[in-house]
Amino acid sequence: MSRIVRFFIGIAAVSAVLLYSISSLNSDQGYSGGNTLTIYNWGDYIDTDLIKQFEKETGMKVIYETFDSNEAMMTKIRQGGTHYDIAIPSEYMIDKMRKEDLLVKLDHSKIPNLKNVDKRFMDLPFDPKNHYSVPYFWGTVGIAYNSKMLGGMQIDSWADLWNPKLENQILFVDGAREVIGMGLNSLGYSLNDTDRNHLLQAKNKLDTLTPNVKAIVGDEIRLLLENEEAAVGVVWSGVASEIMAENENLEYVVPKEGSNLWFDNMVIPKTAKNVDGAHQFINFMLDPKVNAQNTEYVSYSTPNKAALEHMPKEMVEDERFYPSEELTKKLEVYENLGKKNLAYYNELFLQFKMHRK
Amino acid sequence: MENKLTRTLYAVPYMLWIVLFVVAPILLVLYYSFFNIDGQLSFDNYEKFFTPVYLKMIVSSFWYAFLITAITLLVAYPAAYLLTKTTHKQLWLLLIITPSWINLLLKAYAFLGIFGTYGAANSFLEAIGIGSQQILFTDFSFVFVSVYIFIPFMILPIFNSLNDLNPTLLDAANDLGASKWTTFRRVIFPLTIDGVKSGCQVVFIPALSLFMLTRLIAGNRVITLGTAIEQHFLVTEDWGMGSMISVFLMITMVLIMVLTGTRKRGA
Amino acid sequence: MHKLDRKLTPVSKIYLAIIFFILYAPIMFLVFYSFNSGETMYNFKGFTLDWYKELFQDTRLLIIVLNTIVVALLAALISTIIGVLGALAIHNARKRKAKNALLSLNNVLIVSPDVIIGASFLILFTLAGIKLGFYSVLLSHIAFCIPIVVLMVLPKLSEMSPSLIDAARDLGASTWDVFAKVIIPYISPGIFAGFFMALTYSFDDFAVTFFVTGNGFSTLSVEIYSMARQGISLHINALSALLFLFTMLLVVIYYFITQRYKPNGMGVRK
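Just so you know, the protein sequences line up as chains A, B and C, in that order.
In terms of our numbering, the first sequence has 202 at position 202, counting the first letter as 1, and numbering is strictly consecutive.
In terms of our numbering, the second sequence has 66 at position 66, counting the first letter as 1, and numbering is strictly consecutive.
In terms of our numbering, the third sequence has 33 at position 33, counting the first letter as 1, and numbering is strictly consecutive.
Pairs of lysine to aspartate or glutamate residues, derived as EDC-like cross-links and limited to a Cα-Cα distance of at most 20 Å, are as follows: (1) Lys-289/A <-> Asp-49/A; (2) Lys-339/A <-> Asp-44/B; (3) Lys-340/A <-> Glu-237/B; (4) Lys-45/C <-> Glu-248/A; (5) Lys-45/C <-> Glu-242/A; (6) Lys-256/A <-> Asp-318/A; (7) Lys-96/A <-> Asp-38/B; (8) Lys-56/A <-> Asp-58/C; (9) Lys-48/B <-> Glu-347/A; (10) Lys-339/A <-> Glu-237/B; (11) Lys-96/A <-> Glu-237/B; (12) Lys-305/A <-> Glu-317/A; (13) Lys-61/A <-> Asp-44/A; (14) Lys-205/A <-> Glu-178/A; (15) Lys-61/A <-> Asp-58/C; (16) Lys-99/A <-> Asp-38/B; (17) Lys-99/A <-> Glu-237/B; (18) Lys-256/A <-> Glu-326/A; (19) Lys-181/C <-> Asp-164/B; (20) Lys-339/A <-> Glu-47/B; (21) Lys-52/A <-> Glu-54/C; (22) Lys-45/C <-> Glu-228/A; (23) Lys-53/C <-> Asp-47/A; (24) Lys-340/A <-> Glu-47/B; (25) Lys-53/C <-> Asp-49/A; (26) Lys-203/A <-> Glu-178/A.
Negatives, chain C to chain A, calculated, CB over 12 Å: (27) Ser-12; (28) Ile-14; (29) Ile-19; (30) Met-28; (31) His-91; (32) Asn-92; (33) Ala-167.
Stretch-level coverage of chain B by chain C, calculated; a stretch enters the list once three of its residues show a Cβ under 8 Å from a Cβ in chain C: (34) 87-97; (35) 251-257.
These aren't lab readings, by the way, just hints derived from the structure by calculation.
For each residue, glycine too, the CB sits at the ideal point set by N, CA and C.
Whole structure, please, built from the sequences with the hints as guidance.
Here's what the structure looks like:
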């Protein structure tokens with residue numbers, strides 16, 4: 001008995017020491033003070049130097065918390081129990097949150113830097129007049145492919161994926177909207193189609209792609225493509241730009257049949273305590289220089305027109321990641337299709353996954 | 001044997017835990033399972049569950065859980081046995097556990113690298129003349145990594161049972177002329193059955209609801225009930241259906257417990 | 001490779017060596033790439049210590065690591081105590097039905113996927129008005145660690161022969177004495193096993209922690225999983241390498257200290 005008791009007392013003592021050091025570290029950082037701003041964001045999705053700069057300029061202390069999916073983030077905000085002053089969800093989620101009354105209406109007079117944002121990324125269907133959100137990053141969904149592995153083969157459309165040469169070479173991301181949407185696009189339907197017949201056609205068309213599909217994976221798709229585990233991947237442009245920097249054999253193309261245009265926007269959730277600070281933060285992030293620095297760190301495409309001037313030319317002029325207005329007009333933004341349609345998308349996606357066996 | 005007061009007192013924290021963190025969530029999950037996707041009270045989820053898609057999923061979940069448990073047991077039993085024979089056995093045992101303290105996602109990423117086309121495993125296969133194979137996204141890699149994760153959970157209880165075996169018992173069996181195999185079958189195994197049972201429970205039950213590895217290592221070639229629950233909760237936000245599947249898992253688990261629990265205990 | 005007892009045949013040694021090799025292979029992989037001057041876990045471009053340097057400048061990450069360790073230690077400690085009591089309660093249940101019912105309830109949290117546990121705990125905590133943060137995370141970790149402790153302790157209890165307790169009682173031992181001097185020493189390997197497995201559960205948990213955390217409190221798993229979309233930075237590898245080295249050192253030091261003062265080692269009766 002005494003040995004166990006001694007062991008347990010030892011553990012308790014170690015915990016006490018650790019708790020003490022945490023609290024002293026926390027107070028060194030000023031986290032215990034009152035004037036704080038809590039940001040809820042994807043992991044590693046901001047240049048932390050900018051947070052320090054923001055703290056210095058405003059005297060606020062920033063608490064940075066992270067999430068790994070839009071849905072999980074929304075659950076937390078809906079359920080409450082904790083305060084987030086800023087969150088950065090994707091566009092379809094903003095529509096949902098707006099309709100569920102989870103967002104604070106923005107006071108545009110407090111965000112003068114809003115003028116820096118490219119007009120084509122404002123006033124979109126998921127948030128008319130940008131009452132609730134301000135664009136943070138944007139991008140497309142497309143095909144990343146390894147031209148060396150494919151012997152110089154060029155890909156420029158969804159239809160190319162059905163080429164028998166690509167047997168067991170394609171990786172998909174694990175998203176029902178992305179994969180079923182690709183099927184819809186390849187048939188010439190809209191990404192936001194809810195017609196059951198069209199969806200079924202898309203699913204049947206996808207089933208014929210099975211021999212070419214190597215796996216349906218999550219975020220690890222970047223590692224797999226970069227390491228030449230497969231030659232083709234359907235990915236977000238942000239992922240593509242990062243892996244292309246690592247592996248020069250990779251190419252990225254937005255298929256000509258059309259594709260998805262996505263956004264991550266900054267919002268102020270209803271749980272916010274420091275609404276003023278949140279506005280200040282949004283305005284800060286829209287500052288051209290700050291935004292340029294953040295964009296170089298994250299390496300996604302920025303919607304901030306003024307920031308482009310502060311960025312390297314080869315980045316800004318890369319048509320693959322900064323497509324012309326002509327092209328972006330052809331792309332569709334995901335609409336919130338409602339729970340029932342989304343469930344149907346997922347059911348089809350599940351059947352597609354199971355079909356592969 | 002014991003007076004009533006101490007009997008009830010010592011169990012208070014545990015019972016409190018059962019009420020607050022087990023019974024309350026069960027009721028919550030049960031409650032949700034009767035709501036369909038539109039938020040109406042109905043049996044829709046229960047009807048939907050008995051469609052070919054889900055039945056197929058149940059079969060595959062059980063098959064893989066069984067496979068994983070069986071292989072883990074086959075690997076872990078001899079390992080536990082040999083560990084009891086080492087000089088610093090407690091140290092070796094601790095060293096079996098420590099790798100499991102490294103984040104699972106990171107280890108899964110490492111396996112992606114090791115099992116990849118240009119990874120160490122394939123270089124090895126090349127070197128011994130078998131040639132490069134696709135290892136990732138196969139049943140093999142999925143079962144391998146799952147077994148990897150569960151090995152410490154199986155070794156520990158078996159080790160603890162083996163370690164207490166009375167050596168004189170084995171000597172006696174030897175003296176009576178029993179072969180090694182007979183000794184194992186008739187003496188060692190029956191005496192460690194409690195450890196084996198406990199090990200199988202802590203492997204089989206969570207293996208039923210594995211989800212992350214099905215995507216990371218199996219590339220969604222393996223679909224289990226855990227994957228489905230995950231998706232219903234996080235993607236479709238159809239908490240009702242997710243809860244329903246979870247209720248099913250709980251009922252299955254209770255059945256397993258009752259079935260394995262009724263067996264007579266060895267003396 | 002390993003210093004083994006003479007009783008082990010070469011084949012057995014090879015078998016154990018292979019097991020250890022496989023268990024440690026992915027960790028060696030992670031450590032190896034923590035020295036990569038490239039950005040990812042592939043294409044080793046050159047040797048660098050930059051990731052380690054970056055690590056030591058990151059106070060936020062340090063706090064998160066400490067949080068993770070404290071939660072794991074405390075959760076393992078408390079859940080072990082409650083779990084042992086629970087195992088005793090299950091063991092002492094006279095009716096088989098009661099025993100089965102308790103065991104089934106015990107295992108509910110093991111069979112439930114993390115998302116469900118996380119979501120239902122979140123609902124419970126907000127209903128109870130508990131502020132999300134350190135305490136809610138600690139409570140949840142204790143909650144999901146208890147069943148594993150029970151499952152590790154139970155086989156030791158059922159192996160214990162009742163005559164042992166009877167003998168103690170015949171010698172005039174009180175209930176407390178029987179508990180402290182007979183039962184606990186006998187089941188202590190199970191207790192330690194439960195403690196260490198609880199640590200494993202706590203370190204690894206992402207989904208439950210994610211749902212019940214808040215107000216600036218975060219753990220390493222939450223941090224790592226939420227990095228996945230942007231790609232996990234190699235300084236996480238460096239961090240894992242350091243933590244791993246540190247753990248190994250602790251384990252070895254701890255083992256030899258207990259060896260010196262207690263010839264019986266960690267809770268094992270010879």
